Every structure is written in structure tokens, then in C-alpha cells.
Amino acid sequence: MTALNPSAPAKPGAAPPSAIRNLVRLVLSEYFVLVLCAVYALAMGPFVPELWSWEVASNILSDMMPLLIVAIGQTFVLVIAGIDLSVTAIISMAAVVGASVMSETNGYLSGGPLAVPAALAAMVALGLAIGTLNGLAVTRLNMPPFIVTLATRMFFAGSAVWFTTFHTSSSSIAGLPDSFTAFADASLLGIPQPMILAVVVTVVAHLILARSRLGRWIVAVGSNSKAATISGVPVARTIVATFAISGVCAALAAVIYESRMQTGSPITGENILLDIIGAVVIGGTSLFGGKGKVLWTVFGVLFLVILDTSMKLLGTSLFAIYIIKGGVILMAAVIDTLRHRILVTR
Amino acid sequence: MKSGNRLALLGLQNAPLILFVVVLLTFGLMSDRFLAIANFRNIVIQAAPIGILAIGMTFVLLTAQIDLSIGATMYLTASVLALAFTGLPWPVALLLVTVLAAVVGAINGLIVTVLGVASFITTLSTLFVLRGVAMWMSETRTLPFPDRITDLNRAGVLGIPSAILAFAAIFALAWVVLHQTAFGRQIYAVGEDAEAARKAGIPAKRITFACFVICALCAGVGGFVTVTQIGAVGPKYGDQVEFAAVAAAVLGGVSLFGGRGSVAGTVFGAILIKTVQNGLNIVNADPYIYPLVTGSIIFLAVAVDGLRTRILDTLNRRTIRPLQAN
Amino acid sequence: MSPPAPLLLVEGIRKSFFGVEVLHGVSFTLGRGEALGLVGENGSGKSTSMNILGGVHQPDAGTMLVEGQPYRPADPGAAIAAGIAFIHQELNLFGNLTIEDNLFIDNFPRRGGLPFINRSAIRKSTQDHLAQVDLDLAPTTPVARLSQGERQLVEIAKALSRNARLIIFDEPTTSLTRREVARLFGLVAKLKARGIGIIYISHALDDVMAVCERVTVLRDGAVVGTGTSRDLGVPRLISLMVGRSIETIFPQRTAPPRPSDVLAVTNLGQPGVAEAITFTIRAGEVVGLAGLMGSGRSELARMIFGLDPFRSGTIAVEGVELRDPTPARAMAAGIAFLTEDRRGEGLLMEAPIADNAVLASLRSVANALGLIDGKRVAAASRTMAQKVRLSTDRVEDTLVKHLSGGNQQKVVIGKWLMRAPRLFILDEPTRGIDVGAKQEVYRIINALVEAGSAVLLISSEIEELMGLSDRILTISRGELTGGFDRLDFDREAIMTAAAVGADHAKVSS
Numbered sequence: 002m003t004a005l006n007p008s009a010p011a012k013p014g015a016a017p018p019s020a021i022r023n024l025v026r027l028v029l030s031e032y033f034v035l036v037l038c039a040v041y042a043l044a045m046g047p048f049v050p051e052l053w054s055w056e057v058a059s060n061i062l063s064d065m066m067p068l069l070i071v072a073i074g075q076t077f078v079l080v081i082a083g084i085d086l087s088v089t090a091i092i093s094m095a096a097v098v099g100a101s102v103m104s105e106t107n108g109y110l111s112g113g114p115l116a117v118p119a120a121l122a123a124m125v126a127l128g129l130a131i132g133t134l135n136g137l138a139v140t141r142l143n144m145p146p147f148i149v150t151l152a153t154r155m156f157f158a159g160s161a162v163w164f165t166t167f168h169t170s171s172s173s174i175a176g177l178p179d180s181f182t183a184f185a186d187a188s189l190l191g192i193p194q195p196m197i198l199a200v201v202v203t204v205v206a207h208l209i210l211a212r213s214r215l216g217r218w219i220v221a222v223g224s225n226s227k228a229a230t231i232s233g234v235p236v237a238r239t240i241v242a243t244f245a246i247s248g249v250c251a252a253l254a255a256v257i258y259e260s261r262m263q264t265g266s267p268i269t270g271e272n273i274l275l276d277i278i279g280a281v282v283i284g285g286t287s288l289f290g291g292k293g294k295v296l297w298t299v300f301g302v303l304f305l306v307i308l309d310t311s312m313k314l315l316g317t318s319l320f321a322i323y324i325i326k327g328g329v330i331l332m333a334a335v336i337d338t339l340r341h342r343i344l345v346t347r
Numbered sequence: 383m384k385s386g387n388r389l390a391l392l393g394l395q396n397a398p399l400i401l402f403v404v405v406l407l408t409f410g411l412m413s414d415r416f417l418a419i420a421n422f423r424n425i426v427i428q429a430a431p432i433g434i435l436a437i438g439m440t441f442v443l444l445t446a447q448i449d450l451s452i453g454a455t456m457y458l459t460a461s462v463l464a465l466a467f468t469g470l471p472w473p474v475a476l477l478l479v480t481v482l483a484a485v486v487g488a489i490n491g492l493i494v495t496v497l498g499v500a501s502f503i504t505t506l507s508t509l510f511v512l513r514g515v516a517m518w519m520s521e522t523r524t525l526p527f528p529d530r531i532t533d534l535n536r537a538g539v540l541g542i543p544s545a546i547l548a549f550a551a552i553f554a555l556a557w558v559v560l561h562q563t564a565f566g567r568q569i570y571a572v573g574e575d576a577e578a579a580r581k582a583g584i585p586a587k588r589i590t591f592a593c594f595v596i597c598a599l600c601a602g603v604g605g606f607v608t609v610t611q612i613g614a615v616g617p618k619y620g621d622q623v624e625f626a627a628v629a630a631a632v633l634g635g636v637s638l639f640g641g642r643g644s645v646a647g648t649v650f651g652a653i654l655i656k657t658v659q660n661g662l663n664i665v666n667a668d669p670y671i672y673p674l675v676t677g678s679i680i681f682l683a684v685a686v687d688g689l690r691t692r693i694l695d696t697l698n699r700r701t702i703r704p705l706q707a708n
Numbered sequence: 350m351s352p353p354a355p356l357l358l359v360e361g362i363r364k365s366f367f368g369v370e371v372l373h374g375v376s377f378t379l380g381r382g383e384a385l386g387l388v389g390e391n392g393s394g395k396s397t398s399m400n401i402l403g404g405v406h407q408p409d410a411g412t413m414l415v416e417g418q419p420y421r422p423a424d425p426g427a428a429i430a431a432g433i434a435f436i437h438q439e440l441n442l443f444g445n446l447t448i449e450d451n452l453f454i455d456n457f458p459r460r461g462g463l464p465f466i467n468r469s470a471i472r473k474s475t476q477d478h479l480a481q482v483d484l485d486l487a488p489t490t491p492v493a494r495l496s497q498g499e500r501q502l503v504e505i506a507k508a509l510s511r512n513a514r515l516i517i518f519d520e521p522t523t524s525l526t527r528r529e530v531a532r533l534f535g536l537v538a539k540l541k542a543r544g545i546g547i548i549y550i551s552h553a554l555d556d557v558m559a560v561c562e563r564v565t566v567l568r569d570g571a572v573v574g575t576g577t578s579r580d581l582g583v584p585r586l587i588s589l590m591v592g593r594s595i596e597t598i599f600p601q602r603t604a605p606p607r608p609s610d611v612l613a614v615t616n617l618g619q620p621g622v623a624e625a626i627t628f629t630i631r632a633g634e635v636v637g638l639a640g641l642m643g644s645g646r647s648e649l650a651r652m653i654f655g656l657d658p659f660r661s662g663t664i665a666v667e668g669v670e671l672r673d674p675t676p677a678r679a680m681a682a683g684i685a686f687l688t689e690d691r692r693g694e695g696l697l698m699e700a701p702i703a704d705n706a707v708l709a710s711l712r713s714v715a716n717a718l719g720l721i722d723g724k725r726v727a728a729a730s731r732t733m734a735q736k737v738r739l740s741t742d743r744v745e746d747t748l749v750k751h752l753s754g755g756n757q758q759k760v761v762i763g764k765w766l767m768r769a770p771r772l773f774i775l776d777e778p779t780r781g782i783d784v785g786a787k788q789e790v791y792r793i794i795n796a797l798v799e800a801g802s803a804v805l806l807i808s809s810e811i812e813e814l815m816g817l818s819d820r821i822l823t824i825s826r827g828e829l830t831g832g833f834d835r836l837d838f839d840r841e842a843i844m845t846a847a848a849v850g851a852d853h854a855k856v857s858s
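Protein chains in written order, with my numbering: chain A, 2 to 347; chain B, 383 to 708; chain C, 350 to 858.
Hints listed in this document are in silico derivations from the structure and should not be mistaken for laboratory results. A portion of the hints provided could be inaccurate.
[Claimed, not checked] Below 30 angstroms or equal to it, Euclidean Cα-Cα: the simulated DSS-like pairs (lysine-lysine) are:
hint, chain 1, residue 1, chain 2, residue 2
1, C, Lys724, B, Lys581
2, C, Lys736, C, Lys724
3, B, Lys618, A, Lys313
4, A, Lys294, A, Lys227
5, B, Lys618, A, Lys227
6, A, Lys292, C, Lys750
7, A, Lys227, C, Lys750
8, C, Lys541, C, Lys473
9, C, Lys724, C, Lys750
10, A, Lys227, C, Lys541
Computed from a predicted structure; not experimentally measured.
Required output: the full structure, derived from the provided sequences and hints.
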């Protein structure tokens, strides 16, 4: 093989009409999913005019926040070619543990001035601990991430239910303080608080992944961990860090979910695993590691939530939502695969 | 030092077996009902559906792919069975169910091999679609089955229950295919290195495709056996069984990275999981701790496997010069 | 009677890709029982020629005759059917399968009309073929347990099981130990005696000379010379390959080594790997490490860089002991390490040049807040590209996997130069790269050393070691077995010291 010559023509006879070329360029661009969101929202406009109302739009945004936060955590793990199936269990566990601390009926710190801050700290610490446990099992015990997080998922989802039985005879821990439940609906300077939290998480995550040394390490470990080792990257610590980030993000999402549901339920977040991974992959992050951006995940989550909302507004039944969601995730994956092929042959 | 390592390795290599014995002894000491023959029969009957699914999953895992849609495939085929085929003689109904399952598997296989989409995301999407279609057909109701289907559960040949017969037959068939046919050996080659397999003249894509069909077939049969046991199909039917099937296969030594493992291991894994659950049930354990115990056992088994690989690597590290006696 | 047709006659083969002709009428012949060496730089047309012979590509023009019969394989299967086997550098064996399964993986004999494998037939046949390659192993041994050399013999057995008349070897010795190489060459002689023709492709010209009666040299898609090994000789081969004479290849250094030690290794030992290794490298000095595959030369490098453990001894860089080395600590002490496995351990193949270039120097491209600054990344990478004379300066959008081997190696070197290393450990820096790129690498090494850095150079090519080093140490079985100053360089003596069992040799130096 001779060296690549960048000035050489890509392929003989490859001069498509400019419209097609522009389309190809759009499909190849990293903003493709964002454009897809806009096109979809426009196309749905005539059928669901509400989609364009301020109220629905802000609903979409607020709906997307907790999902976005977990999905961002998942992005980090996917970039090192891992996967974190335990996130939903972390959300459930964090929800019940948080409630057990601050509940006004039977919480450990019931009514105390530190009840809410302590509960929040406990939730985040729990996410950090489970995430770190996952990471250590992967690095120290040499276990595949899929199995580690499958096992911790079973374990902690079960623990959440079990834990609840110690605190209440009903199915969830109620009596959360108003100061906590108000979080989901309150605004700061006209911006809903969950959105502020999500934006902060997004910005910090973006800075970590795209602009920090840790981020470069994460990408390097995901592309070739041996080469990363020889370049001085602390590979094991980097892997543990991604799982820890994923765990903390799941715990933060639990805060929003719990505040919105106004109760600490052990099935919080139970059914969103497929949405989380689907959204990240729609955004374009590779399941095989080495490639992913926080911004892509924002687009992926936005797309999934717009889709969901428009379906619900149309009064679509659950089964149709399932079918369409599955079809859309599949289509995104197909486009991403074809996109790669085009990029490779160019 | 070295012989200590070898001993540790011997233990680790047989860790799932040791684990199994420990489980038997533990529950056996806690309840005398546990070690009864009739109870073992129960355990195998309970393990049959998940075992059959896990055997199918093994084929897909051996090619270094995964099929997350088997629970949905089960739900879809069982719903169609409930809606359309209950009037037919059961062998015909079973045949139609497996054909339908094969079509589902073929779709997964085509998307993975022809379009080149990662199997994880392909089958994650078809999981949604298939569940949606099944919910649409069943109108999200719970569909009951007539006695002529559920009676099959009590039927059997020579006193061997039908579920065990189905389980054994599928295990035997899968074992022969994997070990005694060219196709089976080529599955291992594809799982080890698909690119090298292609270069060696092996139709890697066709083989991967076939494994998805086999996996779906097993999901259809596993779903049928489940139906005879529980007698109804509802929206939660087959939910998350894909994870249980992967867990059983991995517990039995199948690698997620392809090319390693066997159906015998998988069957063992399925039986181990069910033995634990059966034992917990017999000793009247808090039902909430079932998933905790199952999760811990899977974690332990795979951790041991990781440790084993690490020790093997140390033992097989090439020495350049003779080791001094120390 | 006309003389019998040669085993293989290749006449005027032409081939173009995307309108660019890469083979301009290649011709050569091969007789029964003959070995033909095929040498040339990367891009000279060796691979394309062999891919045409092996049925991977089809020629645009020209003829091929096998034993007088027209031969034009449509795919690799057709080539195998015609008795032409291609043993690739990366072996196509499956570690998780047994030897017998590997031999028959694409055409298992069946039992009658049934789909079941006829085990007894393949076991018998496998035993026969293993005996032919002198491999005393059970057919049911998993390939994962075999050494690299044994695997190669299994590949040859596989070729024999297909009744190969002609076997093409592509770089067969790169990952073999000396003993395995000797065994391979013995087998090749046996194959020749049976009338099987051999085409032998390698950058290791000594090996080519040892195996082949005749050598054909390719340059820029055309044959530039063919002759007997005896008439040509290594220097003449090189000048044919490069198109200029050999003297210009190793540039001269002007500055002599300085008195201060950059690296001091004392009594380094690890059971089973290394024993009592002691040596120093001065500033401005290149120390060559000569040893066979598996002698411990790479392991020594990996220990110094903190990749492999050691139980005893010390490593000091510029007088400061490097305690519990990890790559990060070794780097902080000023060590850089180029691995022998460029693709597997050296590069992020799917990432652009720039991302690879700055991976080991992320702090230097961060701004005051500690965030990576894209502009600095690009600027630093472009400076690096110019310094190592990379073929492209589009560092941000050219993926490393799209570069040639030589340019990939320059990226790895450039990545480490960015850290201005005090000691650069180079493990096989010119493996698998063409002569032009080799010369660039030599130039870079010289520039680094003249600026006062130290280099530990590991190479299988004795000419390279002798051309670049100020001093050569030999290593065998994890012990240093000899030391030679530049004035005392003697090819035979160095090779003897590197090949000798450590038991018989005393460490000198």
C-alpha cells in the first residue's frame, strides 16, 4: 500500500449531482439526528399541531431530562466498549434508599433539617458505589461488562424491592418532604430545575469526554486498550471511572424521577433500559467502543422523546408505540451502518 | 508455588460443578424434601423452557452475536398459537409455531448479516417491534389456552414428562449439530474469527444467519413448552427471558466473545439456576431474595471464570530460561 | 521432445486499480522443486502479484500456465483446487478448534450420505499430514496450545492435505524462534525434494538467500532483476530494490556519545525471564540489543518501561532510580517505548493522526483550565508530521489505518518525539516497512541521538544494528552474553554470541 494521497480524486466517475451529494453530506454529518428531529417535528406538525405549542415543547424538554442524564452516563461506558445494564437497578435502588432517608412518615432522618440533603448525598453515593463495584469487577476480576452489570442489575433490582419491604407494607415509600417533591416542578429564573440539572450534567460530561485528559483516555481505551497502556494511560482506573460516572448519572436521574413521582418506588425506571441504550445508539455512539459524543446522545434522546410524545398526542396505542420505536431504533442503526460503509469507501 | 496454582486452577476449572454441589448440600441440609428424586424431576421440568431458550442462545453466542429478541419471539408465537392454532392437533400447532419463529429469526439474521447492523441493536429493535405486534394481535389481553394444550404438561412417554423429553431432544440435537457436523465446527470457526473463516472458504454470513434462525426456533419451542406449563399468555410473557438465557449459557461456560462453550454447559447452567430457585422455594425463603441469590451466583461463577483465565495466562506464560528452584 | 513445461509460468501480467496501473507486465517462472525468492519494497507489486496467483484478484492482461495448462483462478477456492496454496503472514487457523478440525474446516468428509463428520477418516489423514511436516502432535490437540512455529507447520500440513503443487510463503519467519526457523527451512527443503515449488516472499534477505535458488526483484510494479542467489548477494539485492546503492542507507553520525549515563540497569532479574542484567546507555549513544526471537530482548524492554514485572535489580534514569515502574512513571522519567506490534499495541487504528500523536502528551496540549485545546492538538500534530516527514499534513481527518506501514510507524515515533524523550526504546522500529521509510527512521534516530538522547535499539536485522549502534549487547535466554564496541563489530561474532546458550557464555562488559 502506498500512502494515502488526500488530493487524489475519491473514485473515478464519482460525481453525483449536487442534490444527492448534499444529502450524502447531511447523512454523514454528526448533526444528522438533530436534522431528523426537526424534519420529523415539521412533518408531524399538521397531524399534531400541539407538538409546536410552548406547553408541549416544554413538556418534551422536561420529559427528556432524566432520560438524558442516564443516557449520558451510558455513553461513557459504551465508549470504552462496555455496557451498563445495571443503570435501571441503580435508579430503583437510589429511589428507595433516598426515600428511606427523607420520608416524613418513617424515614431515618424524618423531619430533620438535613433529611433532604442527606438523602441526596446517599443517592449519589449509592450510584457511585454500585458503578465503582461494576468497574472493579470488570477490571480486577476480568469479567465482561455485560455479565457484571446483568448480575448487579438482578441483584440491586431485587434489593430495591426487598429493601422497600423493610420500610413499608405498601409497594413504595411515601411521605417525601415537600421541599424534595417541589424540585421537579420548581423553576429558577423561569427555567425548570430539572432542566438546569440536566444542562449542568451535559456540559460537565461534554467537557470531560471531549476536552479532558480523562476523556481522551476513555476514547483511547475504547479504541485499543493495549496501545493506551503503552501510552501511559491508566487503563483500569479509566474503566472504573466510566462505570462510576454511569452510576452517578443514574442516581441523579433517580432524583428527578422520584421528585416527579413523589414517592420512592422500587420500580422507578424499571422499563427504560432499552430507551437508554436505544437513544445513545440512535445518536451514533458505537457499541464497539472508541467513538461517541455527549452531544450525539443529546440528539438521540431528543429524537426518542419527540417520537414518544407525538405518538402519545396522536393517541397511538402502546403496541403501535412499541412497533414504531423499534422500527426507528433499527432504522437509525441501519443508517449508521451504511454511513460507515460510505465513509470507509470514500 | 506452581503446584499450588495448578491445584487452584483445578478447583476453578470445576467451579460451576463445585458450586452445584455446594447448592445441593446447602439446601439438602435445610430440607429433606429437596434431595428427593421427585424434586429433581421438578427441577428439570422447571428448567426445560429456559434451558431450551438458552440452547438456542448458545448458537448465537458461539458466533459472537447476541439475540435479545427471544422473549418477544416467544410472546409473539405463543400469542399466535393462542389466537389461531389451538384448534389444531398439537404437533401441527407446534410445527406452525416453529415456522413462525424461524421467520422471525430469519429477519434478525438478514439484518445482521446482509445489512451488517450490530446484533445487539438489531435484536433490541426487533424486541420492541415483535412485542408491539403481539400486543396488537392479542389486544394486550391475557389469552388462556384450552386443556388440550395444557394437558401436554402432564403427558409423557414411559413416565418421562413431555417437558423433559422436549428438553432432552433439543439438547441431543444441538449437541450432534455442534460436534458432529461440518456446520457445527464452522460455527466455532466463525465465532473465533469471522474474517479468517471467510478467508478459509467458510460461508460465515450464512452460518451466522442460520444460528439466528436456530435461536428463534428454540424460542418458539421454549415458548410452547412454557405455555403448556402456565396455561396462558399475557403482556409480561417472556419479558426479560433473554437475560436469563444469556445467564444460563454464560454460567455453563459459553463466552460472549464467541467460539467458546458448549450446549452441555448451557444445560448445566439452566439447571443450576433452577435448582437454586427451587431450593429457595422449598426452604421457604423470602421470595424477594431470589433475584439477589441468582444475581450473586452468576456474578460468582463469572468472576471465578475470569480468575481461571488469569491463572491460566500466568501458568502458560512462556519462560525464556529455566526457573531456579526456590 | 520439447523440455517439460515449468511448474509455473507467469508472463506479462498487468493489473490496474481505479485506472492506475500497478503491475506493468510481471513475468517469472518456477520449476518443480525450486524455490523462488520474491523481494521488493512495500508497494513494489509483490502482494498484488501473489494475490493474482492466489485468485484474490484477476489480471487485466498476461498469461499464467501451471504445468503447461492455462491457469486463471476466479477466487481463492479455485487456486486451492489448482494446487496453489498461500500461507499468509497472519495464519488462518482457529485456536479454539483442534488440528484436525482446522485441516478440514472447509470440506469435512462425511459419513456416507449423512451430514455427520467422518471422524476416523480425518484423524487418519491428519496423522499422515502431520507426519509429513514432522510434527509429533495428536490430531485432537487444540491449536491454541501450539507455538507460532507449530501453527505454521499445521498450515503447511493443511496445504499438503489439499495436494498443493506450489506453496507461497509470505514473511514466514517474522514471529518464529531461531530453532523454529531452522525447522521450517528443513521442511521447505523436504518439500522441494518432493517436487513442490516454493515462492518465498520476505524482507529478511538473509532468509531468502538461505532458502531460494533464484530471486526475482520487483520495483514499482515491474521486474528489475532475476538471478541466482549466489550471483546476486544481499547488497546487490538491496540496491536493486531501492534503485540506489547500499552505502547511502545508514546516515553517518558526527557527535560521539557523551560521558554521562542516561540509563543504568543493575542486576535486573525476573524468574523464568531475565537474570542479572546489567548495562548502561550514555547520552548521545545508541545501544543495539541483538538477540533471537524469544531471547528476552522484548521482555527486557517491557520491564524497563514498566509493562512487565521484575523481582530484583534496579533501573535508574539519569541517576534517579525508577521505583515500581509503570508506563506513566517511566514516561515521567523521560523514557519512550516503540513496540514491536505497531497495529496491536502502538496505534489507535480507527482514530485520526492527531489523536494518536498527542495521546502521550495530553498535558502539553491543555489550556490553563486543564482542558484539551483543539488548536494546540492540531498545531502540535502538524509540527510532528513535518518533523518525521509524514506523507500528509491533514492530521485531523486522516485516519491512521489509511496510512502505509511506514507512515504509521512515523506517527508512533512522532508521538514519542513530542515528549522529547531522554531514552527512546525502539523494538523492531523498521519491521515490515519499506526501505525508503526505513531510511527516514534512521535519520530520525540519528537526529535524536545527536541532540543528546539515548537509544536502546532492538532489531532482528544485524545490518541495521551494526549500521546504527555505537555498542551492541547480545542477549540469550534472558542473560546478556556479550558486548561489542563499534570498532569491534563483527557479524559472525555478534550472531554467535546472540545464538549461544547462556550457560556457555560469560557476560563481558
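Results of checking the hints against the structure:
1. C:Lys724 <-> B:Lys581: violated, 43 angstroms
2. C:Lys736 <-> C:Lys724: With a Cα-Cα distance of about 18 angstroms, the restraint between lysine 736 of chain C and lysine 724 of chain C holds, given a limit of 30 angstroms.
3. B:Lys618 <-> A:Lys313: holds, 21 angstroms
4. A:Lys294 <-> A:Lys227: holds, 22 angstroms
5. B:Lys618 <-> A:Lys227: violated, 43 angstroms
6. A:Lys292 <-> C:Lys750: OK: lysine 292 of chain A and lysine 750 of chain C at ~15 angstroms, within 30 angstroms.
7. A:Lys227 <-> C:Lys750: holds, 16 angstroms
8. C:Lys541 <-> C:Lys473: holds, 24 angstroms
9. C:Lys724 <-> C:Lys750: holds, 23 angstroms
10. A:Lys227 <-> C:Lys541: violated, 41 angstroms
When held up to the earlier numbered hints, the structure conflicts with 1, 5 and 10 and fits the remainder.
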